[in-house]
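Chemist: One line per chain: the protein sequences are C and X, in this order.
For the first sequence, the residue numbers in our numbering are 1 to 326.
For the second sequence, the residue numbers in our numbering are 1001 to 1291.
Fair warning: there could be bad hints in the mix.
As the list claims (entries may be wrong) - Partial chain C-side listing against chain X, Cβ under 7 Å, derived: (1) Gln168; (2) Ser170; (3) Val171; (4) Ser175; (5) Glu206; (6) Thr221; (7) Asp223; (8) Glu230; (9) Thr234; (10) Gly235; (11) Ala242.
As the list claims (entries may be wrong) - Taking CB as the label site, the calculated pair distances span: (12) X/Thr1056 - C/Gly185: 25 to 31 Å; (13) C/Pro167 - X/Ala1059: 30 to 36 Å; (14) C/Gln168 - X/Lys1287: 41 to 47 Å.
No wet-lab data here; the hints were simulated from the structure.
Glycine included, each C-beta is placed from N, C-alpha and C at the ideal position.
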Amino acid sequence: MKKSVLAVLFAGMLGATMMAGCGSSSSTTESSNSASDTAASATEAAASTEAASSEEASSADTASSTADSASSASADATASSDLSGTVSTDGSTSMEKVIGYLSEAFQEKYPNVKVTYNPTGSSSGITAAKEGSADLGLASRDLKDDEKDGLVQTTIAIDGIAMIVNPQNSVADLSIDQIAQIYKGEITNWKDVGGSDGEIVCIGREAGSGTRDGFETITDTKDACKLSQELTSTGDVIQTVANNPNAIGYASLAAINDTVKALTVEGVAPSEETVLDGTYKIQRNFNVITKEGAELSPQAQAFFDYMQSKDADELIKKAGAVPVAK
Amino acid sequence: MNVKKAKNPAEKAMSLIFFICGMLSVAFVLFITLFLVVSGVPAIGTIGIFKFLFGTVWASTAADPKFGILPFILTSVYGTFGAVLLAVPVGLLCAIYLSKFAGSRLAELIRSAVELLAGIPSVVYGLVGMILIVPAVRTIFHLPDGANLFSAIIVLSVMVLPNVISVSETSLLAVPREYEEASLALGATYTETVFKVSVPAAKSGIASAVVLGVGRAIGEAMAVMMVSGNVANMPGLFKSVRFLTTAVASEMSYSSGLQRQALFSIALVLFIFIMIITLLLNFVFKKEKNK
């Protein structure tokens, strides 16, 4: 009798903790506090940032040396041990990877600072920045005119989306209009856009994907795409297009390899340069939204500066986006 | 339990620990069930159970979102049925061969191959399907794209095969030798004996093999996600389709709000399916025991 009471109690506790864990959707990347871990990851971070690697290769084993390079990069000259607290970011789901890479590296430099990221979408990110419920709002689109009141956008990276086809495909160039018509199912054969006879197979991403959102926003095909496959990763899209001579897909520019052919869009080939100078059309800005005139907390300011520093470039590239010119 | 009733405290403590470990799995099942019901029911309430279960359009992120999961339910049912339809005859014949015809060395070799097949991770099945089966289906049937229900059925049937083989082989081996000897003594040939005596005698075991295969097929996510195309169409053999499992898996990572809740509801529906299959399996086993 006693035993069963105990078991029920135990099970109840278990359930309560499970329930408590599943409610929140915000994700937090925490840096480890153990000394050896910090040293190891500091070395890794140093290796990945070009600027830091030369001066740090020999002394990357202590946490303070990492802090030196960080404070030199940030306008705020506070030492790593002085900065503590939380930086909350909120907004675009497309920016998850960029923010993930940046916050991880940032937390290695400032072990006492915790960066949280809440993937709610660009519009909620802008609202969060305006209401002050998050330190930094994230938006994978530019502010609309009616949102600009009292808010400032700072572009930290540009996302270029390449249109890819099978290397056997003879089509080399499409206009945005043609791409939209293909995805809406109005053009269904490659011969209508100058290729050889073959039914076009449209490959897309799953609902909620940032790349899909970006592609559909730019080509104005929201909720109108007739896809024959919805895949859940960039790699799957590339693999599928590489395997099917009649497929067309879209993928982040940084992920493209030579198993597929990237199309030129309105005569411009996708590359870091054409994305940066704006001639390649299928691109969008990754913006950080802050309140005009309002002062950020020291740790938020440090993260904000870090995102715009040269150190961030390599990480942004790793995350598949193009860093803005500095 | 009373026979081994412990006297000293150490024994008592150990038996308590055993008891807790025993109760753990019960607790897990209870709380997963509770969790799925708690998180799955609200969305069904919001959407409306009829609209949810029988709606034919799934557009979770559209401006005017629609949450109808009939395409997923039908795809899962068709896919599973198709896979079992292909796997059961092949698996049963293989089990018959293993238990009644093959020499012991060859049987051992085939048995280890079957075990290996059962141990291959589903993502590997998916990968092979994606690289080999999808392009093959496209070429053979002259389709623009090979990622469809048919490819998924092929992959699933191979995945189900080891379950069908091992369970039906075990039940065939358990058929008393005297049955077969009696049949042979009456002048039946060996093949006749196998099909008219051994197989009917093992039929409840074979039935549970089928149910187990259904369970495996309906719960599979990773492999079918890589070969089925994942578009929320009403199912057709050569159409890109989405299963119940993949509907949850493919949208979960970026979902929010009602969309996320609806995914939990899909998981609940899938869970109910699996429950039914498990109950069916228990029923089959019980019938076998009572015989």
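Chemist: Evaluate each hint against the coordinates.
Modeler: Results for each hint:
With 7 Å as the threshold, the beta carbon of glutamine 168 of chain C stays out of range of chain X, its nearest partner Cβ sitting at about 13 Å, so the hint is violated. A least Cβ separation of about 17 Å between serine 170 of chain C and chain X goes past the 7 Å threshold, and the interface hint is therefore violated. Contact between valine 171 of chain C and chain X, as hinted, is not supported at the beta carbon level, the nearest pair being about 15 Å apart and thus beyond 7 Å. The criterion of a C-beta within 7 Å of any C-beta in chain X is not met by serine 175 of chain C, whose closest approach is roughly 23 Å, and the hint is violated.
Interface restraint check for glutamate 206 of chain C: the shortest CB-CB distance to chain X comes to about 5 Å, inside 7 Å, so the restraint holds. Because the closest C-beta pair between threonine 221 of chain C and chain X is about 12 Å apart, greater than 7 Å, the hint is violated. Given the 7 Å rule on beta carbons, the hint for aspartate 223 of chain C holds: about 4 Å separates it from the nearest Cβ of chain X. Nearest Cβ of chain X to the Cβ of glutamate 230 of chain C: about 4 Å, under the 7 Å cut. The hint holds.
A cut of 7 Å between beta carbons decides the hint on threonine 234 of chain C: the least distance to chain X is about 13 Å, and the hint is violated. The interface hint given for glycine 235 of chain C is broken, as the beta carbon of that residue sits about 11 Å from the closest beta carbon of chain X, more than 7 Å. Violation of the interface hint for alanine 242 of chain C is found here, the shortest Cβ-Cβ separation to chain X being roughly 10 Å, above the 7 Å cut-off. Roughly 18 Å separates the CB atoms of threonine 1056 of chain X and glycine 185 of chain C, a value that falls outside the hinted 25 to 31 Å.
Distance hint for proline 167 of chain C and alanine 1059 of chain X: a CB-CB separation of about 33 Å, consistent with the stated range 30 to 36 Å. Remark: the range hint 41 to 47 Å for glutamine 168 of chain C to lysine 1287 of chain X is contradicted by a beta-carbon distance near 57 Å.
Taken one by one, the earlier hints fail for this structure at numbers 1, 2, 3, 4, 6, 9, 10, 11, 12, 14, listed in ascending order.
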